[in-house]
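Counting from 1, one number per residue, gives the positions in the sequence shown under full-length UniProt numbering.
Please keep in mind that the hints were generated in silico from the structure rather than gathered at the bench. Everything numeric in this text was worked out from a predicted model, so none of it was measured. Hints may contain errors.
Listed below are the simulated DSSO-like cross-link pairs for lysine-lysine, each with C-alpha atoms no more than 27 Å apart in a straight line [as the list claims (entries may be wrong)]:
id : residue 1 : residue 2
1  : 176       : 35
2  : 134       : 204
3  : 156       : 134
4  : 176       : 156
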Amino acid sequence: MKITEFLKHNYRHFNAAALIDAAEGYKSHLDNGGKMMVTLAGAMSTAELGISLAEMIRQDKIQIITCTGANLEEDVFNLVAHDYYERIPNYRELTPAQEQDLVERHMNRVTDTCIPEMEAMRRIENVILEEWMKADQAGEAFFPHEFFYKILLSGKLEESYQIDPKDSWLLEAAKKNIPIIVPGWEDSTLGNMYASHVISGDVKNVHTVRTGIEYMIYLAEWYTNTATDESTIGFFQIGGGIAGDFPICVVPMLHQDLQRENVPLWGYFCQISDSTTSYGSYSGAVPNEKITWGKLGIDTPKFIIESDATIVAPLVFAIVLDQ
Numbered sequence: 001m002k003i004t005e006f007l008k009h010n011y012r013h014f015n016a017a018a019l020i021d022a023a024e025g026y027k028s029h030l031d032n033g034g035k036m037m038v039t040l041a042g043a044m045s046t047a048e049l050g051i052s053l054a055e056m057i058r059q060d061k062i063q064i065i066t067c068t069g070a071n072l073e074e075d076v077f078n079l080v081a082h083d084y085y086e087r088i089p090n091y092r093e094l095t096p097a098q099e100q101d102l103v104e105r106h107m108n109r110v111t112d113t114c115i116p117e118m119e120a121m122r123r124i125e126n127v128i129l130e131e132w133m134k135a136d137q138a139g140e141a142f143f144p145h146e147f148f149y150k151i152l153l154s155g156k157l158e159e160s161y162q163i164d165p166k167d168s169w170l171l172e173a174a175k176k177n178i179p180i181i182v183p184g185w186e187d188s189t190l191g192n193m194y195a196s197h198v199i200s201g202d203v204k205n206v207h208t209v210r211t212g213i214e215y216m217i218y219l220a221e222w223y224t225n226t227a228t229d230e231s232t233i234g235f236f237q238i239g240g241g242i243a244g245d246f247p248i249c250v251v252p253m254l255h256q257d258l259q260r261e262n263v264p265l266w267g268y269f270c271q272i273s274d275s276t277t278s279y280g281s282y283s284g285a286v287p288n289e290k291i292t293w294g295k296l297g298i299d300t301p302k303f304i305i306e307s308d309a310t311i312v313a314p315l316v317f318a319i320v321l322d323q
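Please build the complete structure, drawing on both the sequences and the hints.
Spelled out as structure tokens, the structure:
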């Protein structure tokens, strides 16, 4: 039985039914000529979402991605250092002394998965520092994702691949040169490394890596040139936080701050989140709240799946891919 057949037979109520509705809405949006943005919060790359996300990119089911700096870099960490990762199923039971042992071994824990500093982070630092310095010396500036595209497409890392490269979503995105928005890139391992190289003088101009405000300008231009009443942009949000809130705000910015007319609202919205609607959290806000901010319209198809994105997102993608 195909995955889609199994899901449609068994997933009939509650969050299960919401998953089916959201996936069918995703397909309908694309079938009607729309395009889709996918946003990645949390540690989706370390959860190896790339296995399904890369296929979505290959089959043109995603036209633009917004992600945190962590998700940007962690897909590449996994690509070159997978064999050195350690999984700790009993992570809930670790004592402070056991956590100290991990840090002394340079194993950075993300829930049940430890990322090896030397094999992953420092290996990428050495390669990307060359690109930072090269651009800096030439008086050039690029976005964080563009530097990653450079090192991936150069082939410099190919000998270090430790997974099937078809499972790297960032490599697939680089091949298609799809736009990636990375708000708050400074809040990432490589962002910290970049700051250290500016402080030490290896990089002279702090703006060699372009900023979040420039990302918003870039997104505004892309949205203006891409969204039409006949081909609206959908918004598929995995988690919450800056990865979701930053890009969705491009629409009210164009309307309210630039006073532009005839800018289409987002044409589809779905969020996968396990955050509750309380305490003023963005992640827990129901989709209708976004109407009041000028992000979604009354008639925009809206879905919320209250569940674990590491479980739900691959299943939604399977339906979109007709698997």
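task: Just pull the numbers of the violated hints for me, sorted ascending.
output: none
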